[in-house]
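Following the hints, position chain B against chain A.
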Amino acid sequence: MKVRIPTPLRSYTRNEANVHADGATVADILADLDRQFPGIAFRIVDEQSRLRQHMVVWLDGERCRDLSAPVEGLDEVVIMQALSGG
Amino acid sequence: MTDTLLDAPAGPGRPEWEPARDAMPADLDGPMLLVGTRKGAWMLAADTARASWAIAGPMFLGHVVQHLVRDPRDGRTLLMATKTGHLGPTVFRSTDDGRTWSEASKPPAFRAGDTFGRAVRTVFWLAPGHPDEPGAWYAGASPQGLFRTTDAGDTWEPVDGWNDHPRWGDWAEWPDVEGTPDGSMLHSVMVDPRDPSHLYIGLSGGGVFESLDRGNDWHPMNAGCAADFFPEPVEFGHDPHCVRMHPLRPDRLYQQNHCGIYRIDRPSTTWERIGDNMPRDVGDIGFPVELHPRDPDTAWVFPMDGTDVWPRTSPDGRPAVFVTHDAGSTWTRQSTGLPPRGWFTVKRQAMTVDRDDPVGVYFGTTSGELWGSRDEGATWTLIAAHLPEIYSVEVA
Chain A
11 MKVRIPTPLR SYTRNEANVH ADGATVADIL ADLDRQFPGI AFRIVDEQSR LRQHMVVWLD
71 GERCRDLSAP VEGLDEVVIM QALSGG
Chain B
16 MTDTLLDAPA GPGRPEWEPA RDAMPADLDG PMLLVGTRKG AWMLAADTAR ASWAIAGPMF
76 LGHVVQHLVR DPRDGRTLLM ATKTGHLGPT VFRSTDDGRT WSEASKPPAF RAGDTFGRAV
136 RTVFWLAPGH PDEPGAWYAG ASPQGLFRTT DAGDTWEPVD GWNDHPRWGD WAEWPDVEGT
196 PDGSMLHSVM VDPRDPSHLY IGLSGGGVFE SLDRGNDWHP MNAGCAADFF PEPVEFGHDP
256 HCVRMHPLRP DRLYQQNHCG IYRIDRPSTT WERIGDNMPR DVGDIGFPVE LHPRDPDTAW
316 VFPMDGTDVW PRTSPDGRPA VFVTHDAGST WTRQSTGLPP RGWFTVKRQA MTVDRDDPVG
376 VYFGTTSGEL WGSRDEGATW TLIAAHLPEI YSVEVA
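Residue numbers (the numbering used here), protein chains in the order written: chain A, 11 to 96; chain B, 16 to 411.
The shape of chain A in the complex, shown without the other chains (with noise of 0.2 angstroms):
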């Protein structure tokens, strides 16, 4: 599945901006993301499993903060920072 993922983000995918990763649900799709690129998943998932304050997944347009959501079938899912900070 095509994952998309935010400028803030980049440096762990070697500045691709559009990335592959398996799994069934948006939690599986963020360890899979670990799993290729070391580290990412903890800036966006804390360490009891929510999703952090300013980040979030859109599911094929719809905004998704919930980890268990299924993402099967889908086209996209894309990781995004909510706007903060100054």
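Hints listed in this document are in silico derivations from the structure and should not be mistaken for laboratory results.
FRET-style restraints, in silico, Cβ to Cβ:
| hint | chain 1 | residue 1 | chain 2 | residue 2 | range |
| --- | --- | --- | --- | --- | --- |
| 1 | A | W68 | B | A127 | 22 to 32 angstroms |
| 2 | B | D228 | A | R20 | 39 to 49 angstroms |
| 3 | B | E247 | A | W68 | 48 to 58 angstroms |
| 4 | A | D76 | B | P354 | 48 to 58 angstroms |
Small disclaimer: the values here were computed from a predicted structure and weren't measured.
Using N, Cα and C, we set each Cβ at its ideal position, and we do this for glycine too.
Okay, now just chain B, sitting in the frame of chain A:
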């Protein structure tokens, strides 16, 4: 999934960070300053006279760099506590003066399934461990967790004796982690150079706590300290802003507290308010306290305005360092060279000293200025300006 994330493989496969930076002139062999800011890190190096400084950076531009510390034991390893506005907190490591960095393969984190549901929001404080335990470091966090590494910052484990102490929920600012401006934090992690089992920590807010068994058990140590924000005296809940142990006299600690400047000489368990000896029109509120590396009677503070709504700028907008040479009995104003008027704050990690003779004293401001004195505070010079808000200054 959490276990998978935290157990990610170390070393190969992790990206090597190569932040853009200027080359540091190789012929400078004076002190080096490590500056953490709200938007990246800088390094500055001086000649032996400390008369001229070269600056290199930014490193990790746009990252919130809370603390950048060099390991005094190997003189080589740098650890950086950082996060960004969006991404979670982590620790980066460098062994080549910041030219390249690698991320901790297991950053500080509470245990999955934590009773309180805690997650590290900020790695706030980095402290090298005991001199006889190379590679050991402690990290203090927000929420007020304590973490330890034994492999020079690559993998971190929670200090369960603190994080899961039966009284933690009483002692720590929880769940009101926003109670302190910029959030609650655990700071001032100190290891007794005579005994690696003897630890002190500071909680802002919460107080000073001591452990005699390497962090397995803890007790509050706040007697004598004011906590004016409570209606009655309390055993804990105080707000130590910065606590320092003298390296040559580890039984002596100084504390810049939300409610005054204090000193304690163990085995006493009662702090003495040495800030009562400060000029009344200045008061004894501030964030940092720094100690002379060879004279346990000499300490520097940077007072701030704690009146009214707590502006936290210098009293009357007249920036000044104050020094004591008699363990707090008397204090002397040191402002020669500083601007007559200025409206900035010096945060608790943003003041430090070098080990030269005479000692160099340095502080960074929330307005991005780095000031230094090579005569123990008698005169001050602007070393760098126009940096982002400075969070920490350490001598490497």
